[in-house]
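2 protein chains.
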Amino acid sequence: MKYAVGVDIGGTTVKIGIFEENSKILDKWEIPTVKTNAGKQIITDVSNSVKSKLSEHGISMSDVLGLGVGAPGAVDENGFMCGGAVNLGWEPFNLREAFEKELGGITVKAANDANVAAFGEMWQGGGRGHSDMVAVTLGTGVGGGIIVNGKILAGATGAGGEIGHIHLEDDEPDTCGCGGHGCLEQYASATGIVRLAKRRLAGDDMPSVLRDGEVSAKTVFDAVKAGDKLAIEVAEKFGYYCGKGLAAVANVVNPQVFVIGGGVSKAGDILIKYIEPSFLKYAFPPCRGAKFAMAELGNDAGIVGAAGMIINN
Amino acid sequence: MKYAVGVDIGGTTVKIGIFEENSKILDKWEIPTVKTNAGKQIITDVSNSVKSKLSEHGISMSDVLGLGVGAPGAVDENGFMCGGAVNLGWEPFNLREAFEKELGGITVKAANDANVAAFGEMWQGGGRGHSDMVAVTLGTGVGGGIIVNGKILAGATGAGGEIGHIHLEDDEPDTCGCGGHGCLEQYASATGIVRLAKRRLAGDDMPSVLRDGEVSAKTVFDAVKAGDKLAIEVAEKFGYYCGKGLAAVANVVNPQVFVIGGGVSKAGDILIKYIEPSFLKYAFPPCRGAKFAMAELGNDAGIVGAAGMIINN
Numbered sequence: 040m041k042y043a044v045g046v047d048i049g050g051t052t053v054k055i056g057i058f059e060e061n062s063k064i065l066d067k068w069e070i071p072t073v074k075t076n077a078g079k080q081i082i083t084d085v086s087n088s089v090k091s092k093l094s095e096h097g098i099s100m101s102d103v104l105g106l107g108v109g110a111p112g113a114v115d116e117n118g119f120m121c122g123g124a125v126n127l128g129w130e131p132f133n134l135r136e137a138f139e140k141e142l143g144g145i146t147v148k149a150a151n152d153a154n155v156a157a158f159g160e161m162w163q164g165g166g167r168g169h170s171d172m173v174a175v176t177l178g179t180g181v182g183g184g185i186i187v188n189g190k191i192l193a194g195a196t197g198a199g200g201e202i203g204h205i206h207l208e209d210d211e212p213d214t215c216g217c218g219g220h221g222c223l224e225q226y227a228s229a230t231g232i233v234r235l236a237k238r239r240l241a242g243d244d245m246p247s248v249l250r251d252g253e254v255s256a257k258t259v260f261d262a263v264k265a266g267d268k269l270a271i272e273v274a275e276k277f278g279y280y281c282g283k284g285l286a287a288v289a290n291v292v293n294p295q296v297f298v299i300g301g302g303v304s305k306a307g308d309i310l311i312k313y314i315e316p317s318f319l320k321y322a323f324p325p326c327r328g329a330k331f332a333m334a335e336l337g338n339d340a341g342i343v344g345a346a347g348m349i350i351n352n
Numbered sequence: 040m041k042y043a044v045g046v047d048i049g050g051t052t053v054k055i056g057i058f059e060e061n062s063k064i065l066d067k068w069e070i071p072t073v074k075t076n077a078g079k080q081i082i083t084d085v086s087n088s089v090k091s092k093l094s095e096h097g098i099s100m101s102d103v104l105g106l107g108v109g110a111p112g113a114v115d116e117n118g119f120m121c122g123g124a125v126n127l128g129w130e131p132f133n134l135r136e137a138f139e140k141e142l143g144g145i146t147v148k149a150a151n152d153a154n155v156a157a158f159g160e161m162w163q164g165g166g167r168g169h170s171d172m173v174a175v176t177l178g179t180g181v182g183g184g185i186i187v188n189g190k191i192l193a194g195a196t197g198a199g200g201e202i203g204h205i206h207l208e209d210d211e212p213d214t215c216g217c218g219g220h221g222c223l224e225q226y227a228s229a230t231g232i233v234r235l236a237k238r239r240l241a242g243d244d245m246p247s248v249l250r251d252g253e254v255s256a257k258t259v260f261d262a263v264k265a266g267d268k269l270a271i272e273v274a275e276k277f278g279y280y281c282g283k284g285l286a287a288v289a290n291v292v293n294p295q296v297f298v299i300g301g302g303v304s305k306a307g308d309i310l311i312k313y314i315e316p317s318f319l320k321y322a323f324p325p326c327r328g329a330k331f332a333m334a335e336l337g338n339d340a341g342i343v344g345a346a347g348m349i350i351n352n
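Same order as they appear, the protein sequences are chains B and X.
Under the numbering used here, the first sequence is numbered contiguously, ending at residue 352.
Under the numbering used here, the second sequence is numbered contiguously, ending at residue 352.
One or more of the hints may lead you astray.
Each pair may be met inside one copy or between any two copies, as identical chains are not told apart.
Said to hold, decoys possible - Quick list of in silico lysine to aspartate or glutamate cross-link-like pairs, DMTMM-like style, CA-CA up to 20 angstroms:
(1) K276 / D210
(2) K305 / D339
(3) K320 / D213
(4) K312 / E272
(5) K54 / E139
Simulated from the structure, these hints should not be mistaken for lab results.
Chain B extracted, bound-state conformation (with noise of 0.2 angstroms):
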């Protein structure tokens, strides 16, 4: 039996799994990040906590495929992190040859943890079956990546993908992350969401449960569930920018499908209904027939994806 491993470093955590040859988890895990002294001691840690749960399950360095990795910044096709890591101190370096250092030799790929997130659903979750895929990850921002023809498009300086600073809307007159108005992120993050319904709520005295707590990304699409009007509204709000981005993005890649991920998409496929309105109308008739999908895998797309680059490359 040969085996593939998957590394997931997030600001907190680096999240480990030992995968089987034919997809199969054998062993997960995290360790935690330790950002101290830039960040440097990262790959050690995790390259020693490799080896050691290597050896543990009595697997030798040789029967290993080789060794996937996803990390929190842009990651160009060469394992070059162009812009370093914001999160983890790091500084632009290859990441890539940085674990193949650690690790003797062994074959190593890197690239963006949302891109690599992307191919662990097209692998194993919500995208199965299909090679031409746009993930799409409604979290505190809108990250996404893009798979082509099987391979994650990385772009020119790893932001391949990046797709929540596409603009829609030139009467925005709030600011984005990004600097921008009227950013795709603005609209279909959570903050984004919770942004739209405090400007609805401020509008007018219109009665909503959203009046009596917390007003969140959950409380909205809760609110929706039980019909209450104003949660309605936003959600419309909230569907017609992210159908209009997602048809942008349509229309430059043609994807057979999206999956949607991150915290937003805990609501479920009652995103899509809002959703594929403004998507049909805005897509390029050849491009309309995009299927939507819910993202299955979870915080395990990472350690997925990064076997996955290995396995199924």
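Given the coordinates of chain B, assemble chain X onto it according to the supplied hints.
For chain X alone, kept in the frame of chain B given last:
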């Protein structure tokens, strides 16, 4: 010496070229596109013409690395023409397999003509030295082709890179050819520029050389170069929308370079001056580094790209 054949099937003529494996063109010629009988004869005509020309040059089939072909319709990764080719009378069929059959099983690669031309520009034209490129064709309509990591992005239904119908303007009263309102093509194509110019001319009676003759993309940009104020306003509007549309493209695929071709591009570098400010305004910061270059291969881009798919695969 080994050779590759490049074929570019158009609605009036088929362009064909024989290339040496070092990329040098040995011969190029055209044959008429016979569209009668649902275009069934085209592939046989092309194959016979290729065989006869190879024979003239004393090249045996065993020295031919393969044949690349671009056709005016959506072509998927497998060479299947998903929607046929309206301009040729073709119903959906597998173009790659049809040529393989006619040519005794040599390697054949087929793709959409705009994507093939984009590949040509990457290999030998304005995108030389780059592997992540977007070709933008500003002609009667707006088309394009996307190259990711040196390969054509075909898309799920062969519509990858068909960027002309990205929605950019909510307040556009005129209807686009696709049925939508406010598509990139309505502002950045030759037809779109004429539309913008006529609308501006009708707006008031500001003097302009454009009032005295034919209004075309060429006369508009000639007037811009001569300092005509009204024409400059039209060019600014063109540039605003074109830059905004290409920013959306950059935010999805993060290319190294945009290569601008098509009839409108005959105006030259001046286009970039009008596109760039809006591009920089709307592009996500990590994607702003994309360069702009002009297409260099003109009508040969198709045969060069088609041969390139064989030689530079």
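Results of checking the hints against the structure:
no. : hint        : result
1   : K276 / D210 : both (14 angstroms within a copy, 18 angstroms between copies)
2   : K305 / D339 : within (15 angstroms within a copy, 51 angstroms between copies)
3   : K320 / D213 : between (26 angstroms within a copy, 16 angstroms between copies)
4   : K312 / E272 : within (13 angstroms within a copy, 42 angstroms between copies)
5   : K54 / E139  : within (19 angstroms within a copy, 48 angstroms between copies)
Every hint from the earlier list agrees with this structure, and none is contradicted.
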